[in-house]
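Chain residues, written in single-letter form:
Protein chains: 2
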Amino acid sequence: MKRSLGAKRLVYPLPVLMVGSYGEDGRPDVCNVGWGCVSVSEPPCVQIALRPIRQTLANIRHTGAFTVGIPSACHEVQADYFGCVSAKQEPDKIGKAGMHAVPSECVNAPIIEEFKLTLECKVVCMHEYGSHVQITGEIVNVLADEDVVGEDGIVNIEKLDPIVVDPSADTYHRIGERIGKIFHDGLALK
Amino acid sequence: MKRSLGAKRLVYPLPVLMVGSYGEDGRPDVCNVGWGCVSVSEPPCVQIALRPIRQTLANIRHTGAFTVGIPSACHEVQADYFGCVSAKQEPDKIGKAGMHAVPSECVNAPIIEEFKLTLECKVVCMHEYGSHVQITGEIVNVLADEDVVGEDGIVNIEKLDPIVVDPSADTYHRIGERIGKIFHDGLALK
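Protein chains in written order, with the numbering used here: chain S, 1 to 190; chain H, 1 to 190.
Only chain S is shown next, with the shape it has when bound in the complex (with noise of 0.2 Å):
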């Protein structure tokens, strides 16, 4: 039997990805964005989705980049604090939250030290719907910490430990056990 439960945002799983910007005052900024994905492959894109509110899309409009850190299991208090207080709360969140933030080499915006893998965007389009505004921003490059990656140039999950979260009961996971592989288990019903 199915049952109906409405309305709701139940798109699992949502990713925690900590949007990267410089205020106008140069100051460094980071907060937690769940509603964000690929959206183009050519060239590769990532769209993020804010409430006009946010500082961080009034940074966004003003610097036309951001960056995207992955934050890995070991970052999770520090992920939710970016999702908790405002830049114009808590001017120094990132020090707050014992991070350190230094200049990406390929967009305005600042790399997390501390996050294992960032995306550095240029920002290619925005479109505004209903309570939010989608940003779409070009990844120009990411940049990996050497011990996640291998020699192969292939993302070790294991050592990345990724978060996802829970939209029903808003709780935060790890990526659990590896059961199969891309454009080919399925090949075994063709």
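Think of the hints as simulated: they come from the structure by calculation, not from any bench. The structure displayed is predicted, hence computed values, not measured ones. Take these hints with a grain of salt, some might be off.
[Said to hold, decoys possible] With a Cα cut of at most 35 Å, we get these calculated DSBU-like pairs of lysine-lysine: (1) H:K88 / S:K8; (2) S:K122 / H:K2; (3) S:K122 / S:K88; (4) H:K88 / H:K8; (5) H:K2 / H:K181; (6) H:K8 / S:K159; (7) H:K159 / S:K181; (8) S:K181 / S:K8; (9) S:K96 / H:K190; (10) H:K88 / H:K159; (11) H:K96 / S:K2; (12) S:K8 / H:K190.
[What the hints assert, rightly or not] Not close to chain H: a few residues of chain S, all C-beta gaps over 10 Å, as computed: (13) R61; (14) H62; (15) N108.
For glycine and all other residues, C-beta sits at the position ideal for the given N, C-alpha and C.
Model the placement of chain H on the given structure of chain S, informed by the hints.
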């Protein structure tokens, strides 16, 4: 030390969305979409991105509606198959995968009965950038199997057992252990 990996689509995690639609002839179709996320809170919307060549895009342009099924780990082979084969090659994809389509009661799109959670969506806007068309659908209802929902209306993630993708190794994974609570754990740093 950090290493530049170039312009890659390394968003962690990627979802595995089973997008259901009707062809012009009324035949139900389903395809595997990895580029998708929540894009608006009010009204609740999901965005998916499709290449113009995909049959699902032609279908959605025709009907103005689609569903998003969330596959469970037990559906990994079928989910991958729905990404390997087009309805142009195999008109009875759904039957061939041992699955069954019934009409949504809310939108003009099919529900795949075997998926334990399905979002029922009507198209509200479309944009195109680069290789993909970004389609925003308002989620008008979510349909869930009774046995994955508690009395409190919260979905049980262990029973749903959804799949995520590792975009670097191109592998499917389960969602793993719970590590924290949203808008809660970060308050410790305040």
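Hint check:
no. : hint            : in the structure
1   : H:K88 / S:K8    : holds (33 Å)
2   : S:K122 / H:K2   : holds (20 Å)
3   : S:K122 / S:K88  : holds (24 Å)
4   : H:K88 / H:K8    : holds (30 Å)
5   : H:K2 / H:K181   : holds (30 Å)
6   : H:K8 / S:K159   : holds (19 Å)
7   : H:K159 / S:K181 : holds (22 Å)
8   : S:K181 / S:K8   : holds (30 Å)
9   : S:K96 / H:K190  : holds (8 Å)
10  : H:K88 / H:K159  : holds (34 Å)
11  : H:K96 / S:K2    : holds (23 Å)
12  : S:K8 / H:K190   : holds (30 Å)
13  : R61             : holds (18 Å)
14  : H62             : holds (22 Å)
15  : N108            : holds (17 Å)
Of the numbered hints given earlier, the model fails none.
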